[in-house]
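S.K.: Listed below, chain by chain, are the residues.
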Amino acid sequence: MSDHRRDVFVLLFVQVTIFILFGYFVRYDESQKGENTIYFMFQDIHVMVFLGFGFLMAFLKKYGYSSIGFNFFLAAILVQWAILCRGFFHLSNLKIPISVESLVEADIAVASVLISMGVLLGQTTLLQLIIMGIIEIAVYQCNFYVGDEILKLYLKIADAGASIFVHTFGAYFGLAASFALSRFKRKNDIESDKSLESSNYTSDLFAMIGTIFLWIYWPSFNSAELSGDDQHRAIINTYLSLAASCATAFAFSAILTPDTKFDMVHVQNSTLAGGVAIGASVNMMIQPYGAIFLGMLAGALSVIGYNYITPWIDRNLHIHDTCGVHNLHGMPGVLAALVSAILAAIATESQYHTGLYDIFPARAPTIPSFNQDVYRHIQGDGRTAMQQAGYQILALIMTVVVAIVTGFLTGISNKTLCFHYSFL
Amino acid sequence: MSDHRRDVFVLLFVQVTIFILFGYFVRYDESQKGENTIYFMFQDIHVMVFLGFGFLMAFLKKYGYSSIGFNFFLAAILVQWAILCRGFFHLSNLKIPISVESLVEADIAVASVLISMGVLLGQTTLLQLIIMGIIEIAVYQCNFYVGDEILKLYLKIADAGASIFVHTFGAYFGLAASFALSRFKRKNDIESDKSLESSNYTSDLFAMIGTIFLWIYWPSFNSAELSGDDQHRAIINTYLSLAASCATAFAFSAILTPDTKFDMVHVQNSTLAGGVAIGASVNMMIQPYGAIFLGMLAGALSVIGYNYITPWIDRNLHIHDTCGVHNLHGMPGVLAALVSAILAAIATESQYHTGLYDIFPARAPTIPSFNQDVYRHIQGDGRTAMQQAGYQILALIMTVVVAIVTGFLTGISNKTLCFHYSFL
Amino acid sequence: MSDHRRDVFVLLFVQVTIFILFGYFVRYDESQKGENTIYFMFQDIHVMVFLGFGFLMAFLKKYGYSSIGFNFFLAAILVQWAILCRGFFHLSNLKIPISVESLVEADIAVASVLISMGVLLGQTTLLQLIIMGIIEIAVYQCNFYVGDEILKLYLKIADAGASIFVHTFGAYFGLAASFALSRFKRKNDIESDKSLESSNYTSDLFAMIGTIFLWIYWPSFNSAELSGDDQHRAIINTYLSLAASCATAFAFSAILTPDTKFDMVHVQNSTLAGGVAIGASVNMMIQPYGAIFLGMLAGALSVIGYNYITPWIDRNLHIHDTCGVHNLHGMPGVLAALVSAILAAIATESQYHTGLYDIFPARAPTIPSFNQDVYRHIQGDGRTAMQQAGYQILALIMTVVVAIVTGFLTGISNKTLCFHYSFL
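Protein chains in written order, with our numbering: chain U, 1 to 424; chain X, 1 to 424; chain A, 1 to 424.
Take these hints with a grain of salt, some might be off.
Given that identical chains are not distinguished, each listed pair holds provided it fits within a single copy or across any two copies.
Unchecked claim - Cross-link-like lysine-lysine pairs, in silico, DSBU-like; alpha carbons within 30 Å at most:
(1) LYS261 to LYS95
(2) LYS261 to LYS62
(3) LYS261 to LYS61
(4) LYS62 to LYS156
(5) LYS156 to LYS261
(6) LYS61 to LYS95
(7) LYS95 to LYS156
(8) LYS156 to LYS61
I should point out that these hints are in silico values taken from the structure, not numbers from a laboratory.
Model, not experiment: these values are computed from the prediction.
In isolation and in its complexed conformation, chain U is listed as follows:
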């Protein structure tokens, strides 16, 4: 069997396997009534995942078709896989109940793969990306849900905007995979890859479509699974953080780009860093000025990353990061986790009223008590503020370690695979 036929066989095999697994396991969640708020939030996230990420990566003039097409194909196949993976941890009578919320979580899970794809664009074949995505989704769900159910750890950390579990995870997984792949390439192959990485006027404008839709709908990404006060705060915080990171990214781009120009890569990416940086503390009492400060920090950090850190990593660690994912998702994701730890450390009940236990459920007392404000019993682990902060940091460290180890192994195991299809 030729490589050509084998590759097509793998593509079809994956889709048919998903179909069979759906046949065995997935059923409508009869308990869910059509709830519209989550559906409209979902649509915003859907635009981000299928349009935003794809067009954002289209800035490379040689990879316009590939970035948009691969993004489309990968996301379409992996949302199905993500529904299965998540479902396996939430079986009910050996069946996976599916609802609009499942679609939201599938889209968010797939975002982590698309982030990793940003590192690897142009360095891998489509088949490699698909196999990587299948592994990454499974690991992502394990990291998120095994940690939650078994270690009683993760659900009880705050990361409403998925900055730790999606952005940080996806970035370091991709970077580790890129590191692994580069071990097996000859030097001049890498050089020729890089020579394809230039943009032109038109490709940069297409990328701006992605950037601006991501920017616009990010508040929905960070607040879709929240409700009430929490959701309200998350929307405002994300909006302000994004506005500040956009303005600051422009200013820093002006400082660091010679000849009184702006660098389109900064405009396309660093303007979004505030959305990542606010993600883990998006529903906390960071206050509007706190959201703006964090956005400014993230915007500046991201531009500095593009100018100094990415070239340094490329030169010294031989990790090639095609779209500069480390500057948009990696460092701002780590920043998000650190900020969430600081805010967790200073969170008091008087500041949040009863909302404190919504954001940090583990801080509720171990003895179940009836709370008059929310008219239900609440029970937690009786964590102190400092303990909660420690757990936030622990989640960050675990996520980065899991991402790097599994990303590296995925890259290694992927190295011999090859897929010939492309749009080029």
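Guided by the hints, dock chains X and A onto chain U, whose structure is given.
M.R.: Just chains X and A now, kept in the frame of chain U:
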């Protein structure tokens, strides 16, 4: 009067006539209170109709302006006409009450014309398209509402996503019109038309904007007029069917395209076939795996259509289908109707609970009975499951026949009309 | 300090100042619970402001980066400033409460600056635009809120779609600033500026993305802050007015463009004029045919403006209007105000039922009376219909005068400022 002046006169005459008819007939529907869910669904459909269809057809590098501009103009003038046409069948005190729901239905009706336009793009002038659209909307409304009110047939068949009444109707109407128009063209005119039908890198990326927005918002198209459980199922089924058709279309494109490339036409169109194929059974208990299977079938069928069936039709029937509408709307629409008949044939009350009579109102008993679950009296025609299945097939046949006959006559009557305005 | 360093310093200074002011003044509005309807309306407006305006201006092939990039940067920095400016007129315990509604109002305020930017694109530097924007937002808020709170004038006029306060204001502010700037330019500088103002096939298609998203989401812009019946009417009126202005703009473009072509500038801009023209009377009983008539008028007026009035203004008044803002926002805005005055003059209680006092609160009787339909006391100024019409005209005149005077002064004060950064 020169042709030039006559054409402009027709354009203005149509708009002024619509204005006068609105003056006589259309009034706000005072009974409707602003209901927001339908408005947000409407906005998604609005994006599909005005942006999605227009950009999808922009893949032809010579027809970028025409596809987007004509789509915009046609849709703007015809939504007004569609409100009138629908209203004439629902007069209340000789007035047409207008509400947000009227806007939704107008947008959906216009979609059928834009589908037909996809067949004819590059073969007709703008004036021909407008006259065709005016006739097509009227026929569409007759097919839909006369059939419903007089034959007591249509409202009682299930087609929530309008796969039969919009997609199938629009495709076969356009194909019949194209057949009629080609009777009156000289062979070398047709050849020169076709030589304009090539895409380039940029036009293909613009088309992807259309594709992806259609793909993203399709669940709203298929579920806008449903509610509760039905709507919930429709969203999930459409999402899964689209994901599966996207993945399968890529795989089949890889199989059928030489040189280990994907064909952008497949990526732009066949990825959407799942949305059409699920449309007539979108709220039925097809189960998640059923939706995926149907999406896979539609994706494969559509790619095969582009590769084998469209060239065959062109060569043997002399029907030129510029955008391959038969593969995205025609065959998947017929598939949708067949699947809905099969599901109707096996639908039981125990499976759907009381929801059965929401989906198939004609299956309710002829004697009105008070239903405790929905707290209202229900009454139907006492159809059996097999009878309902028969009606689904009958609706398909009637729609195809009406579309072909009226499309052909429209094409014939249009042949002498000519309009000089273009963007080229 | 070189110009280069000074300019960057100003950029950062503005963002840091905003941060400090947020620190002192802005806090979450605890009384606001997450209300979702306004959030989804907000998202539509967000698309218009950040994507729509930016891409609409991208039709100039030399200013693609600048129009999208500057639009993004300006809007991001000015939404923060607009929250502050609006808040200073609504301090509560010396703090500015922030909610999703604040974000809506910030986006709408910023739209006025982006309209002015349309006049000045290519004639100014980014720093000039930012300084202009900071002044314009402050003046806009003064015009809107000082008028409201102190003169008891403005809130009591009807302008739900902000045609007077945003569109007319932004257009005449920009035109006056352009007039002022042109005083200080040498003739051949202006000529060379203009030579950059041409479009090409690709840039025109990018602009259509902006046009179509503006067109699609305009009903949300005109109805976001309304509710119930009012909102319902506003959606329908805007939809119909836009459809009619689109169709009429195409027809008039065909009349006035030689060689049986359409002019893309008309297609991109005049198709939207109906959205502006309906803005001030959007929730009034203008009836569907009235909305269509107004849209037709606006579409025709706008095309005529592009063909005859803009060149005349350029030649005789030496005001250069790069994007033809006068034809899309200026004249249709004035038309909107005049129509709102006419409708106010003929509004009767029997026509609107209790809704009359929602639209024209000043027309309610001066003695508070309990209204059974809305279950609350209503109290107004006892204005007659003709008085209300007079106030509508007065608001228009005040807005135009304030816009021209402050726009001219801003242009004068801006003339020596210079900023070197660009994308060119």
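S.K.: A separate judgement is required for each hint: does it hold in the structure or not?
M.R.: Hints, one by one, checked against the model:
1. Taking the shortest alpha-carbon separations for LYS261 and LYS95, neither the intra-copy value of 57 Å nor the inter-copy value of 39 Å comes in at or below 30 Å.
2. With identical chains, the CA atoms of LYS261 and LYS62 are at most 30 Å apart both within one copy (24 Å) and between copies (15 Å).
3. Proximity of LYS261 and LYS61 under a CA criterion of 30 Å is satisfied in both settings, with 20 Å inside one chain copy and 18 Å between copies.
4. Proximity of LYS62 and LYS156 under a CA criterion of 30 Å is satisfied in neither setting, with 44 Å inside one chain copy and 52 Å between copies.
5. In the homo-oligomer, the alpha carbons of LYS156 and LYS261 never lie at most 30 Å apart, since the shortest distance is 46 Å inside one protomer and 47 Å across protomers.
6. In this assembly of identical chains, LYS61 and LYS95 lie within 30 Å of each other by CA distance neither inside one copy nor across copies; the values are 45 Å within and 49 Å between.
7. For the identical chains of this complex, LYS95 and LYS156 are intra-copy neighbours only, at 26 Å inside a copy versus 33 Å across copies, given an alpha-carbon limit of 30 Å.
8. For the identical chains of this complex, LYS156 and LYS61 are neighbours neither inside a copy (44 Å) nor across copies (52 Å), given an alpha-carbon limit of 30 Å.
In summary, the structure is inconsistent with hints 1, 4, 5, 6, 8 from the numbered list given earlier, while agreeing with the others.
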